[in-house]
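Engineer: One letter stands for each residue in the lines below.
There are 4 protein chains.
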Amino acid sequence: MIKVGIIGATGYGGRETIRILLGHPQVRIVLLAADPSFTGQRIDQVYPEFRSRIDLPCLDVDEAKFAKECDVVFLATPDGLAIKFAPALLAGGAKVIDYAADFRFQDVKLYEQHYPIKHTQPDLLKDAVYGLPEFNAHRIAQTSLVANPGCFPTAVVLGAAPLFKNALIEDNFIIANCLTGASGAGRKALLPMILPELAANVQPYKVASHRHQPEMAEVLQAITSSAASVCFIPQLIPVERGIIATITARLAKPISLEDLVDIYNGIYSQAPFVRIGAAGELPELKQVLGSNFCDINLALDNESRTVIVFSCIDNLVKGLAGQAVQNMNIMFDLPQTTGLL
Amino acid sequence: MIKVGIIGATGYGGRETIRILLGHPQVRIVLLAADPSFTGQRIDQVYPEFRSRIDLPCLDVDEAKFAKECDVVFLATPDGLAIKFAPALLAGGAKVIDYAADFRFQDVKLYEQHYPIKHTQPDLLKDAVYGLPEFNAHRIAQTSLVANPGCFPTAVVLGAAPLFKNALIEDNFIIANCLTGASGAGRKALLPMILPELAANVQPYKVASHRHQPEMAEVLQAITSSAASVCFIPQLIPVERGIIATITARLAKPISLEDLVDIYNGIYSQAPFVRIGAAGELPELKQVLGSNFCDINLALDNESRTVIVFSCIDNLVKGLAGQAVQNMNIMFDLPQTTGLL
Amino acid sequence: MIKVGIIGATGYGGRETIRILLGHPQVRIVLLAADPSFTGQRIDQVYPEFRSRIDLPCLDVDEAKFAKECDVVFLATPDGLAIKFAPALLAGGAKVIDYAADFRFQDVKLYEQHYPIKHTQPDLLKDAVYGLPEFNAHRIAQTSLVANPGCFPTAVVLGAAPLFKNALIEDNFIIANCLTGASGAGRKALLPMILPELAANVQPYKVASHRHQPEMAEVLQAITSSAASVCFIPQLIPVERGIIATITARLAKPISLEDLVDIYNGIYSQAPFVRIGAAGELPELKQVLGSNFCDINLALDNESRTVIVFSCIDNLVKGLAGQAVQNMNIMFDLPQTTGLL
Amino acid sequence: MIKVGIIGATGYGGRETIRILLGHPQVRIVLLAADPSFTGQRIDQVYPEFRSRIDLPCLDVDEAKFAKECDVVFLATPDGLAIKFAPALLAGGAKVIDYAADFRFQDVKLYEQHYPIKHTQPDLLKDAVYGLPEFNAHRIAQTSLVANPGCFPTAVVLGAAPLFKNALIEDNFIIANCLTGASGAGRKALLPMILPELAANVQPYKVASHRHQPEMAEVLQAITSSAASVCFIPQLIPVERGIIATITARLAKPISLEDLVDIYNGIYSQAPFVRIGAAGELPELKQVLGSNFCDINLALDNESRTVIVFSCIDNLVKGLAGQAVQNMNIMFDLPQTTGLL
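One line per chain: the protein sequences are A, B, C and D, in this order. Following the numbering used here, the residues of the first sequence are numbered contiguously, the last one being 349. Following the numbering used here, the residues of the second sequence are numbered contiguously, the last one being 349. Following the numbering used here, the residues of the third sequence are numbered contiguously, the last one being 349. Following the numbering used here, the residues of the fourth sequence are numbered contiguously, the last one being 349.
Be aware that a few hints might be false.
Which copy is meant is left open, so a pair is good if it fits within one copy or across any two.
As the list claims (entries may be wrong) - Derived pair list, reagent style DSSO-like, types lysine-lysine, alpha-carbon separation capped at 27 Å:
| # | residue 1 | residue 2 |
| --- | --- | --- |
| 1 | Lys214 | Lys261 |
| 2 | Lys76 | Lys134 |
| 3 | Lys173 | Lys196 |
| 4 | Lys92 | Lys126 |
Since the hints were derived computationally from the structure, they do not count as laboratory data. These numbers were taken from a predicted model, which means no experiment stands behind them.
Make a model of the complete structure from these sequences and hints.
Structural biologist: Right, here's the structure in full:
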């Protein structure tokens, strides 16, 4: 059994990690830590859905204890904390999967430009692997430090990578218009998130200025060896969870929808969690909720030479905790799907 | 034209008051005040729905200025502030309508028992009138200080008063199971109100301990001259607005549904905002949203001698700003419905 | 492995059964049948969430084939079809779990009074067991024909049974005010269920005339050996799934909340899916969604001698497919929780 | 007073027209007609929100009677019925405002290509005016037959027209990614619209094949004298009402956001229902709900030379009944805003 510790257990990422791992046949959750305001509370008091399932207390973070008692530690923490916790955890022999951005960028300057944080562990970056198993599984298997991708980048990169890889589009340029549920903002008392503000509403935000944009661009370039320009338009819609990315681009040259579907199926033939819809099918967001799938559907507007890619994920699963467990499976040489189907 | 000032303009009560008064043919809004964090902001910056309609700035509270420039001031403020603002406003010649509980209880002790506030203006209580026009219109017309009722008491008192008035039920006892939308908690960043917590959820709260319970009991006794015992069960449901009260009681003696409907129609024959459903009709909450109506529907379970009363209001209109405007109309000798239909 | 067939696979009950059974370690789904309009479609075409998980086609009902190839057949079908399908299935050696009301009433007359169907298989009733494992596990283990309970009766009976069993309440009378999500009406294009009608709405319906009322009363009497009178008030709220029953009654004599909680804990000490909240805790509906738990919380209004019981279930799981799988586990001598945690 | 008749009174367009006209100071609703299934029912029985406000019965359509008793008839009917009803209404002296597509296209062939209907009244097309007051007010004032625009074209044309008029974009090409509430599909019992299907969901549909696309393209060309190519991507989101169009295009040459805002303000300086957000402001859908405003906000992604236009309307108001009343006001020489603020 893999002994797991979760730091940041009381946020939505922590909760979803617990939910998934309770059904994982090779895992035992042994330690939880959370913000000091929760110290001493049992997790089933914070989330009564866990009553009779798990009753561990929320501890203060003690890296040495976690490193000693855990084989792997999930850092379901805000940006900037992994820099602080990871060194001692790794030094103590635990593998680390970070949910935040601390180890996603190979270039420290890019990180510091978009996050208001001084990166104190640049040396760890050479070991860190961007945890997108569809493209980096081999490297994930060999590292002890995985940077779990952002939720929007997961949806957009998986949906757009074949366009870049196969040089299908003009100017290597996509528009990514992404609708997201409110859980993406975390479990925080924020005014725009209260139901009277958000119900019956749609709120575009950080248009063309969201910090997931440089992540998307960097990752697309890294995995497709192509230049990549992304105009990213996030919009908050009144649902709890899920992201549907509508990616549009102009085709460099004509292609049939069937051929396009074939290209996608080819690229993802070994990816158990990417499902490509048949030509003519459209997705609904709901079909991925609660699961680790990324469902991709394709359409063409021949009149305007536009390719339209829909990429749907559950932001808390494939966009967060599920992908982290998928990475853990790879790091421990288990089938990717263990505990995730 | 009636010159109106609104203190607490940026909360949901203030916003709804502005929305209604913008359509009132006899009113001009002349002054707004709000929490100091809004000072200097225009109301149409806080609520962009008001752009091109009203662009008054949010001022700090200045009772003398409001008393001088306004005929009536709406105190859309939290409990405890009317005690502070009302004396100078009244002394300066303005009429006052308070949205909070400060002047609802004739008995200062009852107020201080349920609200953590020292009541410093007990002398004003003899002038204050509980602003439920269906029972107190005559006294509202003659006062300068109206205590606008709580949202739950409005729904429950209007729904249950005929049962007490006509001695129809056993033990003068009702159970009031009330579902409410989230706007009832005000425009505040509260964790249980964020959409990921509340969507797809129902949250009972303050069961048999909510401070609207003593208000219901006192008012029912005052207006029906009957003892009144109320078991009050509030539940938060995932909607923005609206209250549906399900009031149940055991009948003291058999009565037909038709006779019951007749009794209700009789009691509310002069009330333009109370609509009694025909025998056999059931309500839906939606039919009152956005309006000042209180819709009441009746049902009987003959087998168990239970009478079931559904009473629906929009908590922000008949339960708050609409009722306040109805009271204002009465205080200024206008038809009750002016600006409200 | 238990070979399972599902008739009525394309409704919400069928879908949820498939979802649960895909995670059940002892089960293989071998046959699906559905309404003829689906004949030949694969289930993952009807529900794309199942793509890459299960791709069985929807067949026409062929009782002989199902009896031959399946160990157990789930009849996720409307009222009246189990009467038609069960005899041949049972005769062919398959166990049967019916989701509808056909075998819930021991008295054919009660069934025919509340359902517009002629009961053609009264002889099967003596073998049928009402599938509420918390009270009937022993008999469920010995039968081949389980009548899966209605969703509302599951929530109300589990929540109220201790009150009757221990003679705690006046007149053996409860009011059950039950809020339900829209999936309870099944996957049907009904006007009151479309989002523009139901969003932001609450709709009481069949007040004191719903056919789950006699089921509740009969079952409460059967399992508690007490008379039982129920006033049942169902209300539709704008959520997809879940039932929260608020059960109220007047106490026959005073009892402390702690003693009441103890009584409930005692009665359900062997029930793995019933969780009793501690004194002072209130539930939220969300804590049971997606799971087979029935969460019960208790409150007292001492002033009015009222006991308030909240009983929460997911109507599609503990109220339908999960309970059916729990019954199947018992029928096949597996731990009740297999595949359900 | 303008005497108004409404045919199609029981659909969402009819209902919203009634709601608005009940507050219009110059209008009296005199006749209602609806589908024969409603014949004889009073409108306040169909929509209980109207109780005590309007109690007209739903009649069968009788063009002669409507023409005789009404000054103007709103045809809130499905495509194809205006062709049938309009000739006799116009001949009888009534003005006509059609909510469907029958008179929107100057070219009969375009209509017949996108709607499965034989157009039997091509001669009326020369009199019909496309009812977009921001561009056609002068012609609307002089006609008796207004073709009320589609909801998506209203949002997209108002949002995009300045881009074409001022030749700001490459290839005269826009992508219009439009989110819509479910009321856009009308008051029909459709399976994808029931709450269990649509809640928590997003459903793209008719991607690059919706029949509002040719309407957008034709109207943009007509009012801007520019070629216009539109890739239209509609998506259904789980809200009752509202459309937010995200319109993207590549700039032909650089422009500052401030200059862009100035251009929009200039073009809509005389349009009382178009509000342009200041540079840096983003919209929320909610700010237009229930009102006749079209709110437009602008953003630039300088890195990719992309202009992003958000255009928000209430699909039932500016996208339907409100725009129809605005057109009526113009046809009867009233200020455009009468009864709409």
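Engineer: Next step is simple, just say for each hint if it's right about the structure.
Structural biologist: To see whether the hints hold, each was checked on the structure:
| no. | hint | in the structure |
| --- | --- | --- |
| 1 | Lys214 x Lys261 | between (32 Å within a copy, 24 Å between copies) |
| 2 | Lys76 x Lys134 | within (24 Å within a copy, 60 Å between copies) |
| 3 | Lys173 x Lys196 | neither (38 Å within a copy, 44 Å between copies) |
| 4 | Lys92 x Lys126 | within (11 Å within a copy, 48 Å between copies) |
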